[in-house]
Amino acid sequence: MTEPGRRAARTLRDLGLTAGMLAAAAGLCFLLGQVDHVAHSDAYVSMLFILAVFLTARFTSGYAWGIGAALVSVLLVNFFFTYPYFAFNFLLPGYPITVACMLAVSLLTSAMTTRIKQVEQLRGEAAREKMRGNLLRAVSHDFRTPLTAIMGANSTLAESSAQLTPEERARLHRNIAEDAQWLLRMVENLLTVTRIREETGGGVEKTPQLPEEVVAEAVDKFHRHYPEREVTVSVPETAELCPMDPMLVEQVLLNLMENAVIHGGAVRRIALTVSAAADEMRFCVEDDGGGVSREQLRHFFEDRAPAGTGDGRRNMGIGLSVCQAIVAAHGGRMWAEHAQGGGLAVSFALPMKGEEA
Amino acid sequence: MSTPEHILVVEDEANIAGFITTILKTNGYDVLRADNGKQALMCITSYCPDAVILDLGLPDMDGQQVIRTVREWSPVPIIVVSARTHERDKVTALDGGADDYMTKPFSAGELLARLRTALRHARGREGGAETPQGSFRCGALTLDYAKRRVSLNGENIHLTQIEYRIIELLSRFSGRVLTYDYIIKQVWGPNAAFDNQILRVNMANIRRKIEANPAAPRYISTEVGVGYMMAEGE
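Quick mapping for you: the protein sequence lines, in order, are chains A and L.
Residues 1 to 357, numbered by the numbering used here, are exactly what the first sequence covers, in order.
Residues 358 to 591, numbered by the numbering used here, are exactly what the second sequence covers, in order.
Hint data in this document are derived by calculation from the structure and do not stem from the laboratory.
Keep in mind that the hints are not guaranteed to be accurate.
Claimed, not checked - Computed from the model, here is a short list of chain L residues facing chain A with C-beta under 7 Å: (1) Lys382; (2) Gly385; (3) Gly491; (4) Gln554; (5) Pro571; (6) Ala573; (7) Pro574; (8) Thr579; (9) Gly582; (10) Val583.
We put the beta carbon where it would ideally sit given N, CA and C, even for glycine.
Next up, chain A with everything else stripped away, as it sits in the complex (with noise of 0.2 Å):
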């Protein structure tokens, strides 16, 4: 939706919400009039109505629509709700303080609901920055390892070629490539991280993806990557078309097949499935390595690994949670369960309606 589509809503909104207190504030005191004919106590009136401008100044925007909910108030006290009925009178006793109780209510009420909503999105953007912070820790920590490994076997082929055998030296050169190719999957997962928040602010742009084709292509760098596992593809029989950022989600089901080699445990078969429910479109990734155990299982979204703790640079934090990031940001869901054949396999759905995620 465009800016000033939402602002239109919610001025939309606010005025439904505004009409609705005072329509039921007023509605509820005709009846309790009914009702209490003889006693004809005005006392719950004015209480009925400050709660009505209470309820308005609390869930609306700004501080326009309380006071005016207050001001009508007012009005509506005096010309129904006090004596001469139906008629205005502003020369009743009282009726200044009335005025005042009514707006300083909406007032306060109204600076405090903004108060509240600034706490709020300061505390988004701090767990947001701390976020952002661990990642960058975790990042730079993990591209230490491999820099050091690529420093190291380049000054010893520079320096001591020589010396080396020619296995020596294959060895040297082979770790190299792994180790930049790891380095440049951590990037294209950075990078694609910042495609979440640069182009749309903490969602994504979605357009109509045939699953088959971001597959696909996901299996096919998996594949040069990897040529000698073998991934078993199914999708459904129909083409339907899920809405989707087919590079975020190309980059999910390629960590998920990457995390089943490098942690499965002996993989030497991947399958993956796509399914269509009756409102989402499911992705599974399963292995036939080792699975994990059921304590493992119950833990394995959470934080793991964080930056400092185990040397093992192969650790899958940053994988999982791009993953992770990637799936929230379409709306959709993640799990993990025990596969059939003992291994391990971890799903996500995304929603197949919804533009506004």
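Following the hints, complete the assembly by docking chain L onto the known chain A.
Showing chain L alone in chain A's frame:
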């Protein structure tokens, strides 16, 4: 090969230009170098290279501008090599007239393969093969242009008019990525104004008719967000 083919490398990063030059020279190509857009345009005018390898991020002008300028007067194959990974940049470059688009980093093998494809296509164009020869073959798939027939393992495949035109177009440019926009304009006419969903649905149907597994296509591959490519014919 009698005379070596001349390749112009337009790249401002000395290390990358050096690495590309080394690969090309060791594989028998003659290499020219340009560090910026102006120099590149001048080299193309005065030396008429057989192919251009172009980086998009040049110091003096955008590589996309170089592509558009060159295309005003020269059909020289242009292979874009760029660190920009967004589909938008690929689509702009391909629609602007680039023959191929590679994302950095890439391997030597990939670069050479793409260069060979681009050079072969250029030779094909010169030989007047723009109008298709009698048929196209790729694996078990055969297109008979005269009869407008597609067969797989000798068996006739029933395609709709639109499906046939899409597959024919892709086969004529096999080995090259055609953008959604280009395909739509060629198949539905230059005034076709709709998003690519209809094309995608048609492609899904084609895939279900010619591919054993639509998620592991053998003949028509997808460049997600960019377009489609038919595997090279034999």
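Review point. For this structure, which hints from the list above don't hold up?
Key: 1, 2, 3, 10
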